[in-house]
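Position chains B and C relative to chain A; hints supplied.
Protein sequence lines, in the order shown, are assigned to chains A, B and C.
By the numbering used here, the letter at position 123 of the first sequence is numbered 123, and the numbering carries on one by one without gaps.
By the numbering used here, the letter at position 8 of the second sequence is numbered 8, and the numbering carries on one by one without gaps.
By the numbering used here, the letter at position 357 of the third sequence is numbered 357, and the numbering carries on one by one without gaps.
Derived from the structure by calculation, the hints contain no laboratory data.
One or more of the hints may lead you astray.
As the list claims (entries may be wrong) - To spell it out: a stretch of chain B is covered by chain C in this simulated footprint if at least three of its residues, at any positions, have a beta carbon under 8 Å from a beta carbon of chain C; those stretches are: (1) 64-75; (2) 133-140.
To be verified - Straight-line Cα separation of at most 25 Å, BS3-like style, residue types lysine-lysine; simulated pairs: (3) K128(A) to K10(A); (4) K10(A) to K382(C); (5) K382(C) to K102(C); (6) K283(C) to K102(C); (7) K287(C) to K102(C); (8) K10(A) to K102(C); (9) K128(A) to K382(C).
Backbone N, C-alpha and C define an ideal beta-carbon position, used for all residues, glycine too.
Listed here are the chains, written in short residue letters.
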Amino acid sequence: MTIVVGYVPKPEGEAALERAVDEARLRGEDLVVVNTSSGGSYADASWATDEQLAAVRERLTAAAVRHEVVHSIVGREPADHLVEVADTVRASLLVIGLRRRTSVGKFLLGSSASIILMNAPCPVLAVKAPGGEHWRSR
Amino acid sequence: MTSSRTADPASAPGRRQGLSELLVPVLLLGIGLAVLVDASGLEEGLGRSGPVGPKAIPYAIGAALVAAALWLAVDVLRGGRGEQESGEDVDLSHGSDWRTLGVLFGALLVNTLLIERVGWPVSGAVLFFGSAYALGSRRVVRDVVLSFALSIGSWYLFVLGLDIELPVGLLNGIL
Amino acid sequence: MDALANLADGFATALTPVNLLFAVVGVLLGTMIGVLPGIGPAMAIALLLPVTYSLEATQAFIMFAGIYYGGMYGGSTTSILLNTPGESASVVTAIEGNQMAKRGRAAQALATAAIGSFIAGTIGTMLVVLLAPSIVGLAVQMGAPDYFAVMVLAFVAVTSVLGASRVRGFCSLLLGLVIGLVGIDQTTGQQRLTFGVPQLADGIDVVVVAVGLFALGEALWVAAHLRHTSAQVIPTGAARMGRADWRRSWGPWLRGTAIGFPFGAVPAGGAEIPTFLSYVLEKRLSKHPEEFGHGAIEGVAGPEATNNASAAGGLVPLLTLGLPVTATAAVLLAAFQQYGIQPGPLLLENEPELVWGLLASLLIGNAILLVLNLPLAPVWAKLLRIPRPYLYAGILFFASIGGYAANGSTVDLVLLLVFGVLGFVMRRYGLPVLPAIIGVILGPRAELQLRRALQISDGELSGLANTWFSISVYAVVALVVLLPVLLRVLQRRQRGAGPGDGTTSEAPERVLHSSSEGRL
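One chain only, chain A, in its complex shape (with noise of 0.2 Å):
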């Protein structure tokens, strides 16, 4: 069975990893990171660079977890490309890390969350970034 994580490199993004990596090594299952962009504008926060992304691979190996990493811009919403990347591979379980986002800009810019939340195949665990601390991604 295989885990899936949407990872972006903010704080939401490390805990849910954080996470992801915790339940993969209980449970003994695999580890799919998935990060994403729609390509929709020029320059996307939650688009990792490469070196981002070398970092997390180091990290799962060094925590001896399987892993794969899904890296490309898919041209429609990040949450639904997660959704179907849970299918395609059975997740066992979706992690998603969740941020704070006020009513109205919720209403604005809709809820990536809920969006996987409706859709999801299976289990999703929604994990916050660690509250109040200002954290800087590496």
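Only chains B and C this time, still in chain A's reference frame:
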């Protein structure tokens, strides 16, 4: 900056571009002839002052267009190719996306036809929504809200802020 | 100094609270637009022309002055943080700037770009202030034949110097001239090329042409070939730099200014060539040549200063002769015409408040840019997250408002669509847009001056070249036309024997002469 040149002229897409490239000289020739015909209908004597009448320049430009059309046609037939304009956000590795262009053109046309009937606040919103949809935006609720916010906001900006008239149409009395 | 006293008056005009506000708005809009990769300053000013219909000319131009320099600064921010230049002239800056950013020196790269732009823009604008009156002094005696000669030079320069293909440049110019013909003939009152459409009798509004070709055509072209990629913006704090960076930057700033200004003043194809020259020069002069290609600060400082100085230089022919040498200058010229103002020798006499106010606001705008952009760079970078669909939909949206507001008629929207499609076709088949817009703007004026000149000489063609000024302009025209041909002949002669030509020895000398003069 990445700029990919047009394909090797020997390859199939290259040859196809070669043929469509002749469209430009044909267009120029047509315009040139139209200018010449129009010029021939002008009266030379009418209220004329000076040795150069109203015909001279149109004749010269029309003739130059015909000559330029021939020059360009020769250039194309000898293998000359116009270099497609590259840009920071332009990806020339695939051909023109005619579907997107078609919808964009449609949105612009709808605005042109509707602006005086339904007013800018509605036709402008249709234009923005249609264009964003054509360009791949699929967040319908957000797009609709944004479209109307922009069209109504710009209407207020122009009419109240800048004193420039834009048709109010359907929303007359509401705005 | 007369010029400085006039400039002080200009400051008095520009420093009223309202005008200052327009300068700030212009700088903010310009930077914002410069940061966005899809929009250049020419398109930005074209899109803003309608917004300024109801403004006073002075206020509009104060705003445009901010956009003029702001647009360039925004371009360099993008190229440093994203490695995709927002402006073609920023290509060279991107090489070293992006390397610096990748090595964690983004703040320093942004700082040297901002301060260098400020210094070059200030020196450049002061040079315009000092040079313009004397050039106007020379040009004020110009008669109809001289004006016509200058316009012929403009036509020839934009078609043969810019762009890869002469024949395509020529075709583009002719298209512009045809558009300029539409409307009532000025001397006999007959309608030309109106095809019975009453709204065409007044001619086609140059704003509609500019918005159609520059904004709509460009947006359609990009939309048809949209990239679907994302990049990470390199994170940065406020721009700042240390003492060592200052020591390494001031030389390149000054040398860049010296290279950029004269290149900007002549129709030599924009800022790409001088910025590249500056890069090569700094690489040669640097004490750290090994750093080039890995983030040398000189490679950012020099080209950025060059870029801005060249923009300032471009104002000299625009304000003194009414001769635009870049797309942005051409749109500015269209803006002048919208207010019924003819740039040229008489501009300084007829509209001193406007011109000196414009020059003063260029200096003010430059200072505002520096103050705003050192701390704001991280904020500007956030703009790059705007989804592309909204960006290009927004361009079509504002282009349409502009097209309609020009005369409040749907006929203009139809024309806008026609020019938008024309702009698309031109980009598809490699026809440069600049010659067309220059044809539209200068064509009718050229016809008027030609008719006047021949009226004075009673139809004698020699009346077109009867002053030392017109003769020397035609000499330059001949040079621009013949030089490439001569070079080809010379190349061929190196391979085999070719016919001798008496004029060859004169030509290169003139080039040397004019360029050494310009470098002062």
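Hints and how they fare:
1. For the region 64-75 of chain B, the stated coverage by chain C holds: 7 residues have a C-beta nearer than 8 Å to a C-beta of that chain, and at least 3 were required.
2. For the region 133-140 of chain B, the proposed coverage by chain C is satisfied: 5 residues have a C-beta within less than 8 Å of a C-beta in that chain, meeting the threshold of three.
3. Distance check on the hinted pair: K128(A) and K10(A) sit about 11 Å apart at the alpha-carbon level, within 25 Å; holds.
4. A hinted pair counts as satisfied when its Cα atoms are at most 25 Å apart, and K10(A) with K382(C) qualifies at roughly 15 Å.
5. For the suggested pair K382(C) and K102(C), the alpha carbons sit about 18 Å apart, so the restraint of at most 25 Å is met.
6. Among the hinted pairs, K283(C) with K102(C) is consistent with the structure: their alpha-carbon atoms are about 20 Å apart, no more than 25 Å.
7. For the hint linking K287(C) to K102(C), the alpha-carbon distance of about 22 Å falls within 25 Å, and the restraint holds.
8. At roughly 19 Å between alpha-carbon atoms, K10(A) and K102(C) fall within 25 Å of each other, so this suggested pair holds.
9. Restraint check for K128(A) and K382(C): the C-alpha separation of about 24 Å stays at or below 25 Å, so the hint holds.
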